[in-house]
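Assemble chain H onto chain E, guided by the hints.
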Amino acid sequence: MGLVLPLPNMTAEASVIEVELESDLKNVEVAEEITRRVSGTVGFSEDDQHKIDMAVHESVINAIWHGNKNDPGKHVWLRFQIFSDRLEIRIRDQGNGYDPSKLPDPLAEENLLNVSGRGIFLIRTFMDEFRVEGIAGGGTEVILVKRLNSNNSAQSRRNEP
Amino acid sequence: MSMKATLRQVDSIIVIDMSGRITLGEGCTQLRELVREQLGKGKKELLLNLADITYIDSSGIGELVSAFTTVSNQGGQLKLLNLTKKVHDLLQITKLYTVFDVHDDEAKAIGTFGKAAGA
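Each protein sequence line maps, in turn, to chains E and H. Mapping of the first sequence onto our numbering: position 94 corresponds to residue 94, and the numbering continues sequentially without gaps. Mapping of the second sequence onto our numbering: position 63 corresponds to residue 63, and the numbering continues sequentially without gaps.
Wrong hints could be hidden among the right ones.
Unchecked claim - Below, simulated EDC-like cross-link-like pairs (lysine to aspartate or glutamate); rule was C-alpha separation at most 16 Å, straight line:
hint: 1; chain 1: H; residue 1: K86; chain 2: E; residue 2: D47
hint: 2; chain 1: H; residue 1: K85; chain 2: H; residue 2: D104
hint: 3; chain 1: H; residue 1: K44; chain 2: H; residue 2: E33
hint: 4; chain 1: H; residue 1: K43; chain 2: H; residue 2: E33
hint: 5; chain 1: H; residue 1: K85; chain 2: H; residue 2: D52
hint: 6; chain 1: H; residue 1: K95; chain 2: E; residue 2: D105
hint: 7; chain 1: H; residue 1: K95; chain 2: E; residue 2: E110
hint: 8; chain 1: H; residue 1: K4; chain 2: H; residue 2: E26
hint: 9; chain 1: H; residue 1: K86; chain 2: E; residue 2: D53
hint: 10; chain 1: H; residue 1: K4; chain 2: H; residue 2: E33
hint: 11; chain 1: H; residue 1: K115; chain 2: H; residue 2: E45
hint: 12; chain 1: H; residue 1: K108; chain 2: H; residue 2: D11
hint: 13; chain 1: E; residue 1: K102; chain 2: E; residue 2: E133
hint: 14; chain 1: E; residue 1: K74; chain 2: E; residue 2: E22
hint: 15; chain 1: E; residue 1: K74; chain 2: E; residue 2: E141
hint: 16; chain 1: H; residue 1: K86; chain 2: H; residue 2: D52
hint: 17; chain 1: E; residue 1: K26; chain 2: H; residue 2: E26
hint: 18; chain 1: H; residue 1: K115; chain 2: H; residue 2: D11
hint: 19; chain 1: H; residue 1: K44; chain 2: H; residue 2: D89
hint: 20; chain 1: H; residue 1: K85; chain 2: E; residue 2: E46
hint: 21; chain 1: H; residue 1: K95; chain 2: E; residue 2: E33
hint: 22; chain 1: H; residue 1: K86; chain 2: E; residue 2: E46
hint: 23; chain 1: H; residue 1: K4; chain 2: H; residue 2: D17
hint: 24; chain 1: H; residue 1: K86; chain 2: H; residue 2: E106
hint: 25; chain 1: E; residue 1: K74; chain 2: E; residue 2: D24
hint: 26; chain 1: E; residue 1: K69; chain 2: E; residue 2: D24
hint: 27; chain 1: H; residue 1: K85; chain 2: E; residue 2: D47
Source of the hints: derived by calculation from the structure; they are not laboratory data.
Here chain E stands alone, though its shape is the one from the complex (with noise of 0.2 Å):
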């Protein structure tokens, strides 16, 4: 595992945390641990800490398992950014990536039944934002973006004039 710093104060700078980890899917635990004190730290509910908990939980799988192929020799990167009104995490490996918008949609009657296809959607229905990026050189991220009270300014967007 890399290096981790200690949890920063919230100022008005964002704030970041950066995590290497070797593609073994013990290493799962570890980032899940990572995270929950980090969405701690930044103020979230208990209910929000889990949805970042799990998006973050399939994402590193992801990363490990599809991107790197389980390769230990390949890594995963972690990385946090604590802003005042959100938190965004991204997720680096050294796959080749893919098209999110071509996933199967695991609620359509005849994808119900079947075992795989639902962490990308969990992923998306968890998080206020799922970008998936290709990055030159090689390697793929993933940014998930959990804004602070989402469902207050959700609220607050509608009462906009």
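Below, chain H without anything else, positioned relative to chain E:
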């Protein structure tokens, strides 16, 4: 932390009290083997008590679906008991809540076995 499972028999039904995590790796493998083992013994009526399951991921959901279809295909029934709010919500958003036969009272759940689904 992985998954723990304790089996007991009520009438002809095998109740599996599960705790911990049903996630990719150990938890999923254990569930798969448990179900296979019971089917091998001719036990086709299974009630999974998920009261103490703290975490299910997308692989765990897939494993539950797989267990459900495997048991159904062999003419058996697999039902779920005592979902936590997290697991309940997860089955709701994946539209699986109505696929599974879900109960929150063990005695009543036991009484529904042997009847046609939806009856």
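Taking the numbered hints from earlier one at a time, note which ones the structure violates and give those numbers from smallest to largest.
Structure breaks hints 19, 21 and 24.
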